[in-house]
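Trainee: Top to bottom, those sequences are chains U and G. At position 52 of the first sequence the residue is numbered 52 (full-length UniProt numbering), and the sequence of numbers has no breaks. At position 80 of the second sequence the residue is numbered 80 (full-length UniProt numbering), and the sequence of numbers has no breaks.
Be aware that a few hints might be false.
Just so you know, same-sequence chains aren't split out, so a pair can sit in one copy or run between any two.
Okay, derived cross-link-like pairs now, SDA-like style, lysine to any residue, Cα gap no bigger than 20 Å in a straight line [what the hints assert, rightly or not]: (1) 273 to 47; (2) 344 to 219; (3) 344 to 214; (4) 60 to 45; (5) 44 to 271.
Quick caveat, the hints were computed from the structure, so don't treat them as lab data.
Spelled out, the chains give:
There are 2 protein chains.
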Amino acid sequence: MINQVGRDIPDVYLKDGVEPFQGIYYRDDYEYTKAAPTVHAYVKPNGDKLVDSIHDVLIKSGLKDGMTISFHHHLRDGDFVVNLVMKEIHKLGIKNLTVCASSLGRAHNYLVPCIEDGTVTGISTSGIRDEIGEVISAGKLKHPAIIRSHGGRARAIEDGSVKIDVAFIGASTSDAYGNASGKGGQSDTGVLSYADGDAKYADKVVIITDKIVAAPNFPASIKGVDVDYVVKVDSIGDASKIASGALRLTKDTRELNMAKEVAKCMYHSGYFKNGFTFQTGAGGSSLATTSFLKAYMAKDNIKCGWAMGGITEPIVNLFNEGFVNKVLDDQAFDLAAVASAHTKGHFEISASQYANPFNKGAFVNQLNFVILGALEVDTAFNVNVVQGSNGVLRGAPGGHPDTAAGADVSIIVAPLIRSRMPTVRDRVTSVTTPGESIDIVVTDYGVAVNPKRQDLLKAFADTDIPLKTIEELRDLAYQYAGKPEPVEFDDQVVALVEYRDGTIIDVIRKPKRLNYSQKALDKF
Amino acid sequence: MINQVGRDIPDVYLKDGVEPFQGIYYRDDYEYTKAAPTVHAYVKPNGDKLVDSIHDVLIKSGLKDGMTISFHHHLRDGDFVVNLVMKEIHKLGIKNLTVCASSLGRAHNYLVPCIEDGTVTGISTSGIRDEIGEVISAGKLKHPAIIRSHGGRARAIEDGSVKIDVAFIGASTSDAYGNASGKGGQSDTGVLSYADGDAKYADKVVIITDKIVAAPNFPASIKGVDVDYVVKVDSIGDASKIASGALRLTKDTRELNMAKEVAKCMYHSGYFKNGFTFQTGAGGSSLATTSFLKAYMAKDNIKCGWAMGGITEPIVNLFNEGFVNKVLDDQAFDLAAVASAHTKGHFEISASQYANPFNKGAFVNQLNFVILGALEVDTAFNVNVVQGSNGVLRGAPGGHPDTAAGADVSIIVAPLIRSRMPTVRDRVTSVTTPGESIDIVVTDYGVAVNPKRQDLLKAFADTDIPLKTIEELRDLAYQYAGKPEPVEFDDQVVALVEYRDGTIIDVIRKPKRLNYSQKALDKF
Chain U
1 MINQVGRDIP DVYLKDGVEP FQGIYYRDDY EYTKAAPTVH AYVKPNGDKL
51 VDSIHDVLIK SGLKDGMTIS FHHHLRDGDF VVNLVMKEIH KLGIKNLTVC
101 ASSLGRAHNY LVPCIEDGTV TGISTSGIRD EIGEVISAGK LKHPAIIRSH
151 GGRARAIEDG SVKIDVAFIG ASTSDAYGNA SGKGGQSDTG VLSYADGDAK
201 YADKVVIITD KIVAAPNFPA SIKGVDVDYV VKVDSIGDAS KIASGALRLT
251 KDTRELNMAK EVAKCMYHSG YFKNGFTFQT GAGGSSLATT SFLKAYMAKD
301 NIKCGWAMGG ITEPIVNLFN EGFVNKVLDD QAFDLAAVAS AHTKGHFEIS
351 ASQYANPFNK GAFVNQLNFV ILGALEVDTA FNVNVVQGSN GVLRGAPGGH
401 PDTAAGADVS IIVAPLIRSR MPTVRDRVTS VTTPGESIDI VVTDYGVAVN
451 PKRQDLLKAF ADTDIPLKTI EELRDLAYQY AGKPEPVEFD DQVVALVEYR
501 DGTIIDVIRK PKRLNYSQKA LDKF
Chain G
1 MINQVGRDIP DVYLKDGVEP FQGIYYRDDY EYTKAAPTVH AYVKPNGDKL
51 VDSIHDVLIK SGLKDGMTIS FHHHLRDGDF VVNLVMKEIH KLGIKNLTVC
101 ASSLGRAHNY LVPCIEDGTV TGISTSGIRD EIGEVISAGK LKHPAIIRSH
151 GGRARAIEDG SVKIDVAFIG ASTSDAYGNA SGKGGQSDTG VLSYADGDAK
201 YADKVVIITD KIVAAPNFPA SIKGVDVDYV VKVDSIGDAS KIASGALRLT
251 KDTRELNMAK EVAKCMYHSG YFKNGFTFQT GAGGSSLATT SFLKAYMAKD
301 NIKCGWAMGG ITEPIVNLFN EGFVNKVLDD QAFDLAAVAS AHTKGHFEIS
351 ASQYANPFNK GAFVNQLNFV ILGALEVDTA FNVNVVQGSN GVLRGAPGGH
401 PDTAAGADVS IIVAPLIRSR MPTVRDRVTS VTTPGESIDI VVTDYGVAVN
451 PKRQDLLKAF ADTDIPLKTI EELRDLAYQY AGKPEPVEFD DQVVALVEYR
501 DGTIIDVIRK PKRLNYSQKA LDKF
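Just chain U, with the same shape it has in the complex (with noise of 0.2 Å):
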């Protein structure tokens, strides 16, 4: 069946209440009843939860095949509980599980030969790249991958879509009982806010941890009265890794330039006022609009009521130079916001709270303005994040069709040209985020506004910012870098797009021209 962004989803991924992608306001009031985990009742005082090993824990829990595990990422390249976890469950024997991941990346690699030997059939993850990205994108996995967005991972937990057998969280401090936090510990991650569904909607809620402190350990991310078990081990990750790539702001000419239209685009979009909201990705010209837009705030004494999202250091900055009232957290993506997430003011927020769009609103539905990069984007404004111009899996949705749907003013900020590849074109290699919700387009060659939005063409009619429409746009991508050809792909579907909303918005094929060699267990 076509669906509304004109992508052809298969039927056979159309059952069981799975719908084609029809509009990104399509589920707007739509009722259901929240998912709920089987439980045992704790009444006897038992005393604390500790399990000696991970080995234990898996008996304990009574994981078995065919069951669904849970991971998050907030310790992101730094992170040693997903491979420690697989590789106590590879040496268990236990197979066909479905891993349920806030994000996946390079910490995260023992997962590929557990993909080849059917470890895992099953995975969902926002982040699809390095070698996972290969792997799935090879066709090993059963099952096609889902990708989530975060705000559709939060939803698909809450809605049942998703049923969590065993949830393992790695919380940087925890007490005996389960209290668990992403603060203070040797791996200091800020918050947890996307294990938040995971422990309340899991049948059984497994802490992991490298420090255990007094009780009660708060304030708690993670309630005790949701965990069942808690495990020390040495270390839980590299926190020189944690943040790595710590950000840097650009002094890349383009970059700047874009980062300044950015900031004027806002600036004239009549959402610019008093308390106004944000958010902006970690990319290279998204960060330098913070300098910008300081400038206009500056100027006009106007003071940002808050800044939400993956939280780095140019937000930080802004917020503790009062140019920001709040920070709203759900992901630290650098030691400065690691830092910045024990100090007042800075509010960790669930991924339910900061994107699900099924909840009773979440935060996107408040933003003015968010920022955003694109690998590709079309001329009607649909943006993939997700896969490469190459047919490879290499990117994350994140929080992207999240913050766009919800935003006042959503803008793409993205290079007219990437490794020699137009980003603008007829058509994007999948779609992750509908161009319904984009508002913008930033290049370095000029800006297209949404022809939907007539009253941001209005607002920007007389600035000097470079106004184009998507088809100039791309005519210039295609006169510098040529029109791309299309990419060949086999049959087989190997990944998901799934809107926030749970409907699929786009298959991703494997791609014909792909070399995969298999992955030896001991490498890992």
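Fit chain G to the supplied structure of chain U, relying on the hints for placement.
Mentor: For chain G alone, coordinates are given in the frame of chain U:
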């Protein structure tokens, strides 16, 4: 059927899975699937949730005959919310409602005519006293009231025994999106612990506040993602009565002597160690215990890890003086507690975290000591805190059965004779807390230890604690006050006393000699 504490529970109340009480740990490890609300997705960024009036929100919420509504009692005797809502409901002519309140008292007397005219036909509550105790004792409520402990209510909501259709949550501050708190504003209650489950498990959630603040109103006890509507009213409560009966330390010699023995029992129990945990009630002797405890702590250089409960000024003082490291707060009993709730180290906990026997370990399970009051204690150590010796409902289980079951050492402190009625007796008028969970009874005529606690008897052997058997205490009481005449009851059951795990521990019948005169609505 005769239950485990010897009470005859009519079979008519034992259906749909409801069982008679069978021991305090009968349902340990009980497996169940949690309840879940039916909600509507707020996908569209629709703006705020403000509704003009309680009338309008009743219409919007879809409230209709036969539904269940809920209230919390943090505003205590100063609460306006229950009466404001019930008056509008009454005007609309909605009938046959069940009110699930965390507690009810004199501030909620508009319920009396609502009970009489069938607007309200079912009630579950902890507190059942004053005019509401009378009207229910008189058999005016169509269905027997269900008396629940604080932990029992949290359990009933979470396990689906109670399904709340519309929750009304008074909050001293809220933003327009429903992020609500008991802190700030003119009706500061410190915490909103009992409303936590209402917000998470009700289908529709209404915040009623007298102060709208800028979003996000963080930290938020009630999260906007769970809230449908926000109504601003002129005043949600009379601040001077919120902390009414501001607790004064007793100067009554008898109470002081009992308090001294309580502290002595704690000191010699074997559990008085650095980091110990305790909860004490708001009665004169319970409160006075803190000063004797402080002397022991100073003498042995021992600190309390955390104190929990309804928080009072004496606990706040110990906290401020460094004798108590942390405070876990589910209810502020006075203004000192409200003020302290704003300070570091003083944490709000939900009713479920506090005392729910069916989650994965409530904090009551970690209590070393609890000090509790009693209206009556029998020779099996069963305690009644709900029903007067004349048969009229006049109390509240509160956290009594919860803390008694969870604490290592549960201590009852009560005068042997009260208003010329023996407190210690052969048989309590009704059982609120089973003797199985009571370890020590301290009276002004001696201290009885439950024979099942041979460890305590041994620990107290070489002390000057005036040990007596419970039968000796009863004999003394009967000697001084005479053996109490049994109260005569009609057959009509007016209330069920539900044990914290959902089993029925007792039924309460209409006293034969009860003068009750109908209340005219225009009085209210």
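Trainee: If a hint holds in the structure, say so; if it doesn't, say that too.
Mentor: Status of each hint after checking the structure:
no. : hint       : in the structure
1   : 273 to 47  : between (53 Å within a copy, 16 Å between copies)
2   : 344 to 219 : both (13 Å within a copy, 10 Å between copies)
3   : 344 to 214 : between (23 Å within a copy, 16 Å between copies)
4   : 60 to 45   : within (19 Å within a copy, 44 Å between copies)
5   : 44 to 271  : between (55 Å within a copy, 18 Å between copies)
Violation of the numbered hints given earlier is absent; every hint is satisfied by the structure.
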